[in-house]
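**Student:** Take any residue in the sequence shown, note its place counting from 1, add 240, and you have its number in the working numbering.
Since no wrong hints were added, every one of them can be taken at face value.
Simulated DEER-style distance windows between Cβ atoms:
| no. | residue 1 | residue 2 | range |
| --- | --- | --- | --- |
| 1 | Arg363 | Gly330 | 47 to 53 angstroms |
| 2 | Pro277 | Arg363 | 36 to 42 angstroms |
| 3 | Leu259 | Arg298 | 18 to 24 angstroms |
| 4 | Arg298 | Ile269 | 30 to 36 angstroms |
| 5 | Val288 | Ala313 | 16 to 22 angstroms |
| 6 | Leu259 | Gly330 | 26 to 32 angstroms |
| 7 | Thr245 | Val350 | 18 to 24 angstroms |
Just so you know, these hints were derived from the structure itself, not from any lab.
Owing to the predicted nature of the structure, the values given are computational and were not obtained by experimental measurement.
A virtual CB, placed ideally from N, CA and C, is assigned to each residue, including glycine.
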Amino acid sequence: MTQRTALTPASALNVAGLLAFGAMIIVQIAGGIDDYPTIPPGLVISLVVVALVVFVRRFWSTVIGALFPTALAVGGVLAEGAADRVGDTGETFTFVTSWLQLAALAVALVAGWAAVVQQARRR
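Sequences and hints are given; from them, build the entire structure.
**Tutor:** Next comes the structure, spelled out in structure tokens:
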């Protein structure tokens, strides 16, 4: 029987950031932000990536855990209207939840790459 090792702190933070990112999508939909499709791909992909990082525990799954928030960050910078959500203080709910989602994404991104570096050094 193989013994399962615990997630590294960086991987655990990556997972927490991705879960918080997905949770903010649900909060925003519940709060009336209607920019999301019926089944939000960001939420679904976040959950799949979390499952890979938690249950597969291979180097490539850790890399995916880092690449996904990187792709979201790049897409967020390039997306039309993304800056409006984090810059418009008139809509308090949208402003706060967007910043919380952005903070969760930043945690997932930094922790994901830290986990990749840790695993690469161990190899």
